[in-house]
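Build the full structure now, drawing on both the sequences and the hints.
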Amino acid sequence: ERGQTAPSMAGSDDWGALRFSAADLTHPLVAEFRDQPASGLFTAFVRQYVPFEADPIRSRVALRYENGDPAVVTSNQGKGRVVFFTTTANMDWTNLPAKGDYVSLMLSTVAFLTAGRDAGRNLLVGQTATERLDAVQSAMELRVVGPDGGAMEPEISPSENGLSLRAGPARDSGVLTMMIGIEARRFAINPDPIEFDLTVAGSEGLDAQFAHPVHWIEAERVAETGIRTASAAELGAFALYAAMLLLLIELWLANRFAAWRGPSPTKPGYAVGQSPLNPGYAGGGPA
23 ERGQTAPSMA GSDDWGALRF SAADLTHPLV AEFRDQPASG LFTAFVRQYV
73 PFEADPIRSR VALRYENGDP AVVTSNQGKG RVVFFTTTAN MDWTNLPAKG
123 DYVSLMLSTV AFLTAGRDAG RNLLVGQTAT ERLDAVQSAM ELRVVGPDGG
173 AMEPEISPSE NGLSLRAGPA RDSGVLTMMI GIEARRFAIN PDPIEFDLTV
223 AGSEGLDAQF AHPVHWIEAE RVAETGIRTA SAAELGAFAL YAAMLLLLIE
273 LWLANRFAAW RGPSPTKPGY AVGQSPLNPG YAGGGPA
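Residue numbers (the numbering used here): 23 to 309.
Rather than coming from a laboratory, the hints here were simulated on the basis of the structure.
Check each hint, because a few of them may be wrong.
[Claimed, not checked] Between beta-carbon pairs, the in silico distance windows are:
no. : residue 1 : residue 2 : range
1   : P235      : R278      : 19 to 27 Å
2   : A206      : T150      : 12 to 20 Å
3   : E175      : N212      : 19 to 27 Å
4   : A60       : D156      : 44 to 52 Å
5   : P191      : P50       : 27 to 35 Å
6   : D170      : R56       : 45 to 53 Å
7   : Q58       : L146      : 34 to 42 Å
8   : M201      : D46       : 41 to 49 Å
9   : A45       : R165      : 49 to 57 Å
10  : A60       : A133      : 19 to 27 Å
11  : A206      : S179      : 16 to 24 Å
12  : L146      : T110      : 38 to 46 Å
13  : G171      : E205      : 13 to 21 Å
Beta carbons: idealized from backbone N, C-alpha and C, even for Gly.
As structure tokens, then:
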């Protein structure tokens, strides 16, 4: 890229001076904002930014201002990526951080920067690990340690970008480590997901494997089983509510008829042990 290194600014003190353009949103970093004119990205104001001239060969403009100047520029540097914002990430020059879509823009930026970085470092058992070497690295001491901790034979072979260090195929799951001089490059060797597919074995195969009958549920009956389980749970809840209701009724009845157990010693007109339901009731009344 070719840009001005001096701190030259553009814009004015008016927050309404400039907005981001909603046109030509083809870059993956901002593609999710396409056809979203009401997004906070396009309602935000920019007061200042750094004028920047993007090299059309080495970089790509992901987002522009309404005046056509670049707002976000991306480029590839070696095996990595660079994203350059011409305005600030805080509220000094723009109110974009106050918009809800600022978080979405930052998440898209991180996803763009990290996409594909580990794609070649996650392999399945039976696959071969490959790492690109430059001329200096190809002359260094090369060692490979397999997932089981044993040494593997490294192999240098030509590739599209020069030379590559190859090791494999990996026979076990775990971590495979390539030592290029004193630098370690690690690969995750994972079991093939097909190994977790029990339908390949079938009910008879599982019975033989576990030496015990296995309850097998066909895929089309999974939903039905879920409905039955939910019904049983609902019935259990109903029984619990019914028991709580009976308990409340019992407490109410006990409280309702507690007054007929006998007169209070402090209540005038009745002797201790007398009540209207007691045979010993003498017909007395309140004094």
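* Which of the listed hints are broken here? -> Hint 1 alone not satisfied by this model.
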